[in-house]
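Letter by letter, the chains look like this.
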Amino acid sequence: MPHSRRQFLTSGSSITLLTLMAASGLLGPEAAAAQWNKGAFESKNMEDLVRTLGGTAPQRSDDIVFVGPEIAENGAVVPVEVASRLPGTDSIALLIEKNPNLLAANFAIPAGTLPEIQTRVKMAETCNVYALVRAQGKFYYTAKEIKVTVGGCGG
Amino acid sequence: MANPMRIRARADGDIVQVRVLISHVMETGLRKDAQGELVPAHYIQLIDVTYDGRIVLSAEWGPAVSRNPYLAFKFRGGAPGGKVRVTWTDNLGETQSYEASVE
Amino acid sequence: MSKACRHLVRWACVAFTSGLMVSAAAQDDHAVREIQRYRQMLQEANPAELSELRGEDLWRSLRGRNHVSLERCDLGLGPGRLEGAYSRLPRYFADTGKVQDAESRLVTCMMTIQGMTLEEATRDWHSPNSDMEALVTYVAGLSKGYAIDVPLSHPEEARMVAAGEELFFRRSGPLDFGCSSCHSMPGRRIRLQELPNFLDSGSARGAMTQWPAYRVSQGAVWTMERRLIDCIRQMRWPQPEYLSDVVIALEMYLQRQANGGVMQAPGMKR
Amino acid sequence: MRVILRVLGCLAAPSLACAGLACADDDVIQRSELMLRRSFSSATPEQWSTRLGQDSTQALCSQYRNRPQQQVGAQIAADARSSMRYPESGQLLGDWRQGARLASIGAGGQIGTIEPDRPDTPRGGNCYACHALAATEVAAGTLGPSLTHYGRRQGTSSESVRSVYQRIYNAQAFTPCSVMPRFGHNGWLTPNEIADIVAYLLDPASPVNK
Numbered sequence: 051m052p053h054s055r056r057q058f059l060t061s062g063s064s065i066t067l068l069t070l071m072a073a074s075g076l077l078g079p080e081a082a083a084a085q086w087n088k089g090a091f092e093s094k095n096m097e098d099l100v101r102t103l104g105g106t107a108p109q110r111s112d113d114i115v116f117v118g119p120e121i122a123e124n125g126a127v128v129p130v131e132v133a134s135r136l137p138g139t140d141s142i143a144l145l146i147e148k149n150p151n152l153l154a155a156n157f158a159i160p161a162g163t164l165p166e167i168q169t170r171v172k173m174a175e176t177c178n179v180y181a182l183v184r185a186q187g188k189f190y191y192t193a194k195e196i197k198v199t200v201g202g203c204g205g
Numbered sequence: 007m008a009n010p011m012r013i014r015a016r017a018d019g020d021i022v023q024v025r026v027l028i029s030h031v032m033e034t035g036l037r038k039d040a041q042g043e044l045v046p047a048h049y050i051q052l053i054d055v056t057y058d059g060r061i062v063l064s065a066e067w068g069p070a071v072s073r074n075p076y077l078a079f080k081f082r083g084g085a086p087g088g089k090v091r092v093t094w095t096d097n098l099g100e101t102q103s104y105e106a107s108v109e
Numbered sequence: 034m035s036k037a038c039r040h041l042v043r044w045a046c047v048a049f050t051s052g053l054m055v056s057a058a059a060q061d062d063h064a065v066r067e068i069q070r071y072r073q074m075l076q077e078a079n080p081a082e083l084s085e086l087r088g089e090d091l092w093r094s095l096r097g098r099n100h101v102s103l104e105r106c107d108l109g110l111g112p113g114r115l116e117g118a119y120s121r122l123p124r125y126f127a128d129t130g131k132v133q134d135a136e137s138r139l140v141t142c143m144m145t146i147q148g149m150t151l152e153e154a155t156r157d158w159h160s161p162n163s164d165m166e167a168l169v170t171y172v173a174g175l176s177k178g179y180a181i182d183v184p185l186s187h188p189e190e191a192r193m194v195a196a197g198e199e200l201f202f203r204r205s206g207p208l209d210f211g212c213s214s215c216h217s218m219p220g221r222r223i224r225l226q227e228l229p230n231f232l233d234s235g236s237a238r239g240a241m242t243q244w245p246a247y248r249v250s251q252g253a254v255w256t257m258e259r260r261l262i263d264c265i266r267q268m269r270w271p272q273p274e275y276l277s278d279v280v281i282a283l284e285m286y287l288q289r290q291a292n293g294g295v296m297q298a299p300g301m302k303r
Numbered sequence: 118m119r120v121i122l123r124v125l126g127c128l129a130a131p132s133l134a135c136a137g138l139a140c141a142d143d144d145v146i147q148r149s150e151l152m153l154r155r156s157f158s159s160a161t162p163e164q165w166s167t168r169l170g171q172d173s174t175q176a177l178c179s180q181y182r183n184r185p186q187q188q189v190g191a192q193i194a195a196d197a198r199s200s201m202r203y204p205e206s207g208q209l210l211g212d213w214r215q216g217a218r219l220a221s222i223g224a225g226g227q228i229g230t231i232e233p234d235r236p237d238t239p240r241g242g243n244c245y246a247c248h249a250l251a252a253t254e255v256a257a258g259t260l261g262p263s264l265t266h267y268g269r270r271q272g273t274s275s276e277s278v279r280s281v282y283q284r285i286y287n288a289q290a291f292t293p294c295s296v297m298p299r300f301g302h303n304g305w306l307t308p309n310e311i312a313d314i315v316a317y318l319l320d321p322a323s324p325v326n327k
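Chains as they are written, first to last, in the numbering used here: chain A, 51 to 205; chain B, 7 to 109; chain C, 34 to 303; chain D, 118 to 327.
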């Protein structure tokens with residue numbers, strides 16, 4: 051574990067977000083809070099979401115590669131990978147059809163970063179998971195059904 | 007060390023692979039505790055990753071990102087010794103930032 | 034999305050009915066294979082690493098009334114010697130006159146070295162992110178690569194393993210359950226979770242070398258005591274005391290059955 | 118439940134019966150029972166009698182590691198047969214829809230301070246934990262045999278219905294020391310609930326037989 055000690059914690063209750071953000075050249079706290087797109091997380095379907103994100107009519111695309119298990123042993127942790135082959139991809143969002151909030155996460159991909167994301171999400175029940183990609187101002191998506199199984203002794 | 011973070015950044019030629027594990031409860035606000043009380047929502051909303059000060063990834067998260075979140079991605083233009091910094095802010099206004107060197 | 038959705042639902046139905054045409058066994062294999070793929074995807078990163086970091090920090094922190102670290106704690110190989118220590122526990126400790134596992138021994142150290150009360154040392158032991166979870170994960174992680182080698186040289190150690198074996202087969206309660214109900218036959222599952230068969234050393238090794246383990250259903254690392262006490266709850270028995278002999282005896286029997294297995298903990302489980 | 122607290126020396130069978138077989142010796146049993154007393158120090162007398170104490174079947178199956186010798190097994194099976202009770206209506210084939218619900222419920226009756234069930238949590242048979250039933254449920258266990266299409270194989274003759282009912286009520290009438298809970302004998306499920314599960318297994322309309 052030697053290199054773990056080289057990971058320095060530089061924030062804490064005594065250091066304000068502002069100091070931190072200023073120190074790392076990021077935005078101030080008010081701007082940061084405003085950055086979180088509440089409307090997007092409250093969207094109930096993909097069309098609404100895309101509209102909130104400033105687009106229209108998402109199209110299905112085979113140039114988005116979605117990797118996930120067909121069956122998740124536990125809905126609390128479902129590993130997903132999305133890679134886009136669409137030129138000019140600058141955002142990748144993960145949508146979970148039957149969750150209380152459709153939008154799970156939205157990643158902004160700056161130039162120089164590969165349009166590939168791996169993360170883990172919660173799924174309330176078996177449903178479709180969508181990867182929604184913005185490329186050159188247009189929205190594209192792909193979907194995969196992931197089954198969430200009942201497990202363990204208690205069912 | 008209430009909320010440790012584990013950052014692994016490894017250079018392969020020009021491309022740096024970043025893998026991040028963050029300690030966070032990511033409470034949805036919909037879960038009930040043993041006494042039947044709702045556990046208040048507490049989840050990371052914003053996360054930024056910089057390489058030597060330049061943003062290489064930023065994201066908005068909702069409560070559906072798993073507890074103790076994992077994130078992996080790749081960017082171009084990094085080299086061993088460069089500094090990858092991960093900063094998050096949650097819905098209660100808490101924030102943390104950790105830094106690691108590219109291997 | 035609704036139109037796309039209906040389309041997808043139709044696809045799903047086609048997939049589903051064609052699934053029914055294959056034999057039940059093939060479908061079963063498919064489910065098991067997909068679960069394995071799910072687990073493989075999770076192997077990329079185990080959040081237990083975060084507990085190890087926190088545990089290391091706790092190990093070195095000056096805590097308790099005596100304001101000292103745990104660095105002089107003896108887990109069986111001498112004060113402060115942690116590499117491989119977990120793989121040789123539980124064992125008999127002359128200073129306490131008891132067979133102890135990692136958890137009960139850490140509590141002894143917290144009380145005798147750091148001056149904590151039992152209550153302080155075991156506070157929130159079963160909650161996610163507890164100090165005990167972190168310390169045990171850190172300690173167990175330092176046995177990675179070491180073969181399990183539970184000692185039987187002291188008569189108390191032999192008695193403890195024998196009692197553990199007896200308890201393993203003991204059935205009671207409204208569902209007639211005992212550990213042996215689920216863990217004494219090869220190749221069985223509860224739902225889709227494979228059950229270790231502790232009467233087989235290979236299967237026992239496969240299980241015990243992974244604990245303590247991060248449980249994705251819990252969002253926390255569970256120690257072996259936590260695991261056993263929860264099995265006992267699910268058997269509909271009452272709750273045994275934390276750090277009690279029944280729990281340590283069962284743990285020691287299981288660990289003994291897994292002798293020779295190379296520790297890989299912290300693992301990752303459902 | 119008839120309780121035998123073996124720690125008091127009331128051994129269910131003479132230890133001679135164990136000679137040469139896989140089973141525990143008296144010293145070890147006594148020591149582990151004493152250990153149990155100390156380790157479950159907060160269990161109430163009622164919990165001791167219903168959850169930790171053993172009836173003679175539990176004690177024998179523990180002692181013989183679930184492989185009782187013939188004579189012991191015959192006694193266990195005879196006890197089980199004499200324990201059978203049936204619904205007052207006499208109807209052993211109930212409602213398969215209720216049975217489907219009961220087959221999936223795995224909670225209920227868990228106690229302690231960490232994650233107890235609420236006292237009113239419904240209890241079920243948790244059949245899917247151990248058996249494949251409806252082919253549509255992929256998450257089915259394999260501790261017990263697959264019962265998919267069981268009704269197609271068994272039919273719904275009165276003998277078949279009665280035998281399936283008895284297996285759920287007390288499986289040890291057929292297989293001494295079976296790991297299957299004695300759902301009826303132990304009062305975990307009512308006779309009517311068992312009849313519903315029988316219907317879930319045997320009724321041609323049940324998903325189990327689709």
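Please note: incorrect hints may appear among the correct ones.
With a Cα cut of at most 30 Å, we get these calculated BS3-like pairs of lysine-lysine [claimed, not checked]:
hint, chain 1, residue 1, chain 2, residue 2
1, B, Lys-89, A, Lys-194
2, A, Lys-148, A, Lys-188
3, A, Lys-194, D, Lys-327
4, A, Lys-188, A, Lys-88
5, A, Lys-94, A, Lys-194
6, B, Lys-89, A, Lys-188
7, B, Lys-89, A, Lys-197
These are computed hints drawn from the structure, not numbers from a lab. Being a predicted model, the structure only gives us computed values, none of them experimental.
Quick rundown of the hints versus the structure:
1. B:Lys-89 with A:Lys-194: At roughly 36 Å apart (the allowed maximum being 30 Å), Lys-194 (chain A) and Lys-89 (chain B) break the hint.
2. A:Lys-148 with A:Lys-188: 25 Å, holds
3. A:Lys-194 with D:Lys-327: 27 Å, holds
4. A:Lys-188 with A:Lys-88: 21 Å, holds
5. A:Lys-94 with A:Lys-194: Holds, at about 18 Å.
6. B:Lys-89 with A:Lys-188: 33 Å, violated
7. B:Lys-89 with A:Lys-197: 39 Å, violated
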